[in-house]
Amino acid sequence: MTALLKTYLRPYWKQLILVMGLLMVQAIANLYLPSLNANIINNGVVRGDTAYIMSTGGFMLVVTLVLGIVSIIGIYWGSKTAMAFGRDVRGAIFTKVQTFSQKEVNHFGAPSLITRNTNDVQQVQMVLVFALNMILSAPIMAVGGIIMALREDVPLSGIIVVVVPVMAVLVGLIISRAVPLFQIMQKRVDRVNQVVREKLSGIRVIRAFVRTEHEAKRFDVANHDLTNTALTVNRIFALLMPALTLILYTSTVAVLWFGGVRVSSGAMPIGNLTAFLTYIMQILLAVMMATIMFVLVPRAAVSAGRVQEVLETEPSVNDPQEPAAASDLHGFVEFRDVEFRYPGAEEPVLHHISFTSGPGETTAIIGSTGSGKTTLVNLVPRLYDATGGTILVDGVDIRDMRRDDLWQKIGFVPQRAFLFSGTIASNLRYGDEEANDDRLWHALDVAQGREFVDELEEGLDYPIAQGGTNVSGGQRQRLAIARALVKRPEVYVFDDSFSALDFTTDSKLRAALKKEITDATTIVVAQRVSSIMHADRIIVLEHGTVVGMGTHDELMETSPTYREIVFSQMSEEEAA
Amino acid sequence: MSDSKNTAPAPARPPMAGGPGGGRPGGGGGMFGGGRHGMAPVAKAKDFTGSAKRLAGTLRPEMVKIVVVMLLAVVSVAFAVAGPKVMSNATNVLFQGVIGKALPKGATTAQVIAGLNAKGDVASKDLAAMIRTMNVTPGVGADFALFGKELLLLGALYALSALFLWGQGYIMVGVAQRTVYEMRKHVDEKLSRLPLRYYDDHPRGDILSRVTNDIDNIANSLQQSATQLITAVFTIVGVLLMMFIISPLLAAISVLVIPLALLSTVQIAKRSQKQFALQWEQTGDLNGHVEEMHTGHSIVKIFGRQKEAIEVFDERNAKLYDSSFKAQFISGIIQPVMNFLGNLNYVGIAVIGGVKVATGTMTLGDVLAFIQYSRQFTQPITQTASIANVLQSAVASAERVFELLDEPEEQPDTATPLTLAEPQGHVTFEHVDFSYDPASPLIEDMSLDARPGQTVAIVGPTGAGKTTLVNLLMRFYEIDAGRITVDGIDTRDLTRDDLRRTFGMVLQDAWLFSGTIRDNIAYGIDDVSEERLLEASRAAYVDHFVRTLTDGYDTMLDDDASNVSQGEKQLLTIARAFLADPEILILDEATSSVDTRTEVLIQKAMRRLMKNRTSFVIAHRLSTIRDADIILVMNHGRIVEQGTHEELLEAKGFYYDLYHSQFVESFDEVSDRLDAAV
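These protein sequence lines are chains V and E, in that order. Here the first sequence stands for residues 1 to 576, where the numbers follow our numbering. Here the second sequence stands for residues 1 to 678, where the numbers follow our numbering.
None of the hints are false.
List of simulated lysine-lysine pairs, DSSO-like, C-alpha gap at most 27 Å:
#1 V:96 <-> E:319
#2 V:96 <-> E:307
#3 E:119 <-> E:105
#4 E:270 <-> V:80
#5 V:80 <-> E:319
#6 E:326 <-> V:6
Bear in mind the hints are in silico, worked out from the structure with no lab data behind them. Keep in mind it's a predicted model, so treat the numbers as computed, not measured.
Chain V extracted, bound-state conformation:
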C-alpha cells in the first residue's frame, strides 16, 4: 500500500502538503473555539460583561468563518488529490494490461484484471478520500485535545485515560465482529443471486421437469440463510450507535461530577467545564475515526497489493530492439520445429511442429480436445511466444518484427466470437477504420451474414450490446469472420470458428471463403471433418505432436488417428 501511495501521490505532493496544512489549521481552530467558549462564560456571562461577550463572540465568528473557508479549501484539494490518484492508478493499470501478452492475462484471468482495474482501485481511493478529508486530522485532534484538556485542568484529564481505551475497545470489538459477518452476508447475497440466475436461465427445464416446488425450496433456503445472517450483522451494528452515545454521555456525567468537585473547591473556573466537555468529545471522535481507520486500512491494503501486483508484472512478449527489414514475401506462415510449454510445466503442450502454408493455401488442424490446436494458432500472433523453434511470417521470424506490423498481417477469428459494444459497422471496421460500406457488405456476403443484417431495420448501424449478447451465437460468429475479412490480412486464422454455424451456412461460407481468399494463407482449427476435408494440408494433432499431415485422401490411407476421427463422425451415416 505504501509503495502504491508513494508512487502515485508523488506528483501531488504540493497539494498533499497544502491539505495537511489546512487540516492542521482546522484542528487548531477547532481546538481554539472551545476555549473561546470558556472565556465567554468565565469572563462574560459569569461577570455579566456584555461588551466582552460581544467582542469575543465577534472574534469567534471570524474564527468560525475562517475555519469554514479553510475546510472548504481543504475538501476541495483533498477530494481532487484522492480522485486524481484513483484516476492515475486506473490509467496505469489499464495501460499496463495493454502491454500484457496472453500469458500474463491468463495468469491473472480477465475477470480478476477487471476487478483490480475497477473495484480494487476504488477501495484504495475511498480510504484516501476518507484520510485526506478527515482522518489525517484525527491524531492532531486527539493530541491537541489532550493538550488543551490538560491546560483546562490536569486532574480532570484523568477521565480521558479511562474513557479512550474503553471507546477504542468497544468500537474495535463491534466492527471486528461485524466485518467478517458482512463478508458472509455478501456470500449469501451471491447465493440468492445464483439461485435466481439459474432459475431464470433454466426456466424451461425447471417447468419441463415439474421442479418448480423444488426450486422454490432451494430459493427459500438461500433466502432464509441470507435473512438470518443479515439479522445477526445488522443487530450487531444496531449496537454501535447506542454504545457510542452511552460512552459519550457517561463521560459527560463523569466530567460534570469530578469537574464539579474541582469547580466547587475553586481549583477550576466553571467555564472550563464546558470547554473540557467539548475537548473530550473531540478526543473520543478522533479515537473513533482512528479505530475505523484500523479496520479500513487492512482491507484497502489487500486491494492495493492486488493492484501493485499487476503494475509490477512485466510483459513476457516484447517488441524487438531492432526490427528486421520487411520482406517481399506475402501470405506465408512457417513453423520450424516449434515447441511450447507453459511455465513450470513438465510436458510441453506442443513439440516438433513444422509446416509451411503459402498464399491461397488452407492448412487445417484437427485433433481431440486438449491436443494443442488452439495453442498452436495462438502462437502465430504472438499471444504467447514459442519456447522453442521459430515461427516465420512472410519469411521473417515473428520475434524480429514489431508486433503492430505482425498483427497488421493477421486476421484472427477466435473460438468464442467476441464483439464490442457499438454497432455492426463499428465492429466490422475494427481492423480497418477506413473501410467503406461496400467493403463491409462484401465481407458480410462472404461470411454469410448479409441476410440477417439486411433483415435488421438499422442494418449496419444495428447496435451491438456489450459482449454481443443481442445477436445469436451463429450471428456473432459470422460477424467475427466478416470483421477479419474487412481487414484484408495476409494470414487468416480461424480457431474453430465454424462450430456455431449449421451445416448449410458452414458449407456456403467455406465455398465463399475459398473464392475470396486467394493471396492469403489460411489456418483453420476444426472439429468437424466435413469442414476441413478440402484443405490443402490437414495436420492431425495428438498430445501436442503431429501424428499425420497431408490431404484428406492421403491421411485416410496413412493416418489411423485421422481415420478414427473420420469414422467417429461418419460411421453413423454408414449405419443409415
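Since the structure of chain V is provided, determine the placement of chain E on it from the hints.
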C-alpha cells in the same frame, strides 16, 4: 431457449463509489448510517404516493412492532432531549455554589445585594440582579447532595435513552429483514407463475436486478434510514419544544437558522446529487470499457486497437475523475456550512444569553442547556434532507418490484383435470395456429400425428424452430387455435405438471445447476435409489467419466460447470432423461464444440434413449433425418414442409434444396470414400 449460458449480468452497479455524503463527524452521529447516502442516483418513482402507500402496506404484518419502535424512539429521544435540561439544573447548583462561596459568610442574600447595588457601577448592579434570582446562600459552597442527585438522574436518562435507541434499532432490523424476506419469497413464487412469454420478452438481467438489487435497497433503507428518520424528526420536535420552554426569545433566534440550514442543505444536495448520478453513470461506462477491453484483450491487440482502447479509457477516466471529484467536493461543503451556521447561532445565543444571565432573567445553566440544544439541532435537519433522497430511491425500487408482482400470470390449470393413467406417447396436432406476435402468424393450420414410438425430425437452417416446438408441446405458450393432444386428451385438459411429466428434454445448451452430479442427474425425481441412478448413468455413458473425477457422483458442478466439458454436460442431461423415463422426448443433436469421441457417445446414448419412445428430434445428422417417421422442415421459425424423406424429396421443395446443399456434397462424398477406404 437462449443460445448461451451467459446470463446477462445485472446492470453493472458501480462499487462503493464516492464517500461519506452526509456522514461527516457531526457530533458522532450518522457515521455509518449516513455513509451511503447520496451515492446512488435517485431514481424517480413513476407513482410515488401509490408505491409508497403500497410499500407501507407490506409492513402491515409488522404493525405492532413498528408502533413499539415508534414508542421506543419517542422515549429515547425524550430522554436524550431532557438531558441538557437536567444538566442545566446541575450546573445551576454548581454555579450557585461558586457564587455563594465568593460571598462573605454570615451575610444574608439581601445584604449582599444591597451592598452590590451600593457600589453603583453597572457590573455590580448586574451581578446583584443575577444573585437575586438565584438560590444563593452567601459563604456556602455547592450542595453536592443535590448536585449528585441531578447527575444521577442525568446518567439514568442517558443510559435509558441509549438502551431504548438500541431496542429500537434491534426491533427495526427484524422488521426490515422479515419484510424483505417475505418480499423475496413473493417475488420468487411469482416467478413460477409467470408465463414463459414474460421471460422471453424481458432481459434476464432486469428481472434478476429486481429480485436482488432492488429488494436489497429496500432492506437497507428500511432498517437504517427509517430509524434515523424517525429519530431525527422526533429530535427536531423535542429540541424545539425544550428551546421554547427555556427561552422563547432565544428559541425564536435559533428557529431563524432553520430555513437557512434547510435551504443550503437542499441546494447543495441537489447539486451533489447531480454529480453523484453522473459519477454513477460514468463509473458504469468506464467499468464497461475495462470489462470489454480486458475480456477481448487478444482481439484488441491483433486488430491493432490498443491506442484507441487507451484513448477511450483516458477520456472516460477523465470524465469520471471530474464528476467524482465534484460530487465529493460539493457534498463535502455541507458540513462546513452547517458548522458555520451552528456557530453563528451559538454566538447569538451566547451574546443574548449572557446579557440575560447578567440581568438575572435567565440562569447560567439554562444558557448552557440552550447551547447544547442548538448544537443538537442542525444535524437532524441535514440528516432528514439526505434520508429523504434515500427513501425516494427505496420507493422507486419498491415500485419496480411491484411491477413484477403485478405482471399477468399464466392461465390457470383447468379446474377439472383429466389424468393420463398409462401414457402411451401418442401426440397429435390438430389444425394448430400459433404466433408470438399476432401481426406475423408463425404456424397456420398445422396437423401432425406422431404415434407411440415414432420419431419426428425437425430440420432447417435456423435454430428458432426448436424453441417454438418445445413451447407448444410443453404448453409453455398457449396455441391460438386448434388443439394438441396426448393420447387423445387435449393438453389443456391436463394439469401442466401432469403433461410435462410425460416429457423428457435433452437440449444442447444443457442446463445444469450448481450442485453435485448426483443431484443433477436425479433432477426429475426425489428419492432415487443408488441402483437406478447408476443404471441411468451407465445407459447414458456417464458412469465412466464420472468415475474419473475425484469426487465421483458427489463432484460439485460450479457456476459454469467448467470442470465438465460441453459434451459431458449433454450426457448428464441424457442420464437425467433416462432416470425420469418419460414417454415422449424432445432431443437436440449435438452439432458443435463437442469433441468427436464424446459425440459418438452422445449419439449412441440418444439412440438408446429414443427406443420405444415418441421422439421429437432437432436433427443435424442425415441418418437421423432419413430414419425419421415424419420430417418437419422449418425455415425462419415456420414449418414449411412435412412428410417422410422420400415424400419430401419427391416434392422437390425446400427440403430437396436443403438436402442437396447440405448433405449430398459433403456427406455422400465422404461415405463413398469411406466405402472405398473400409
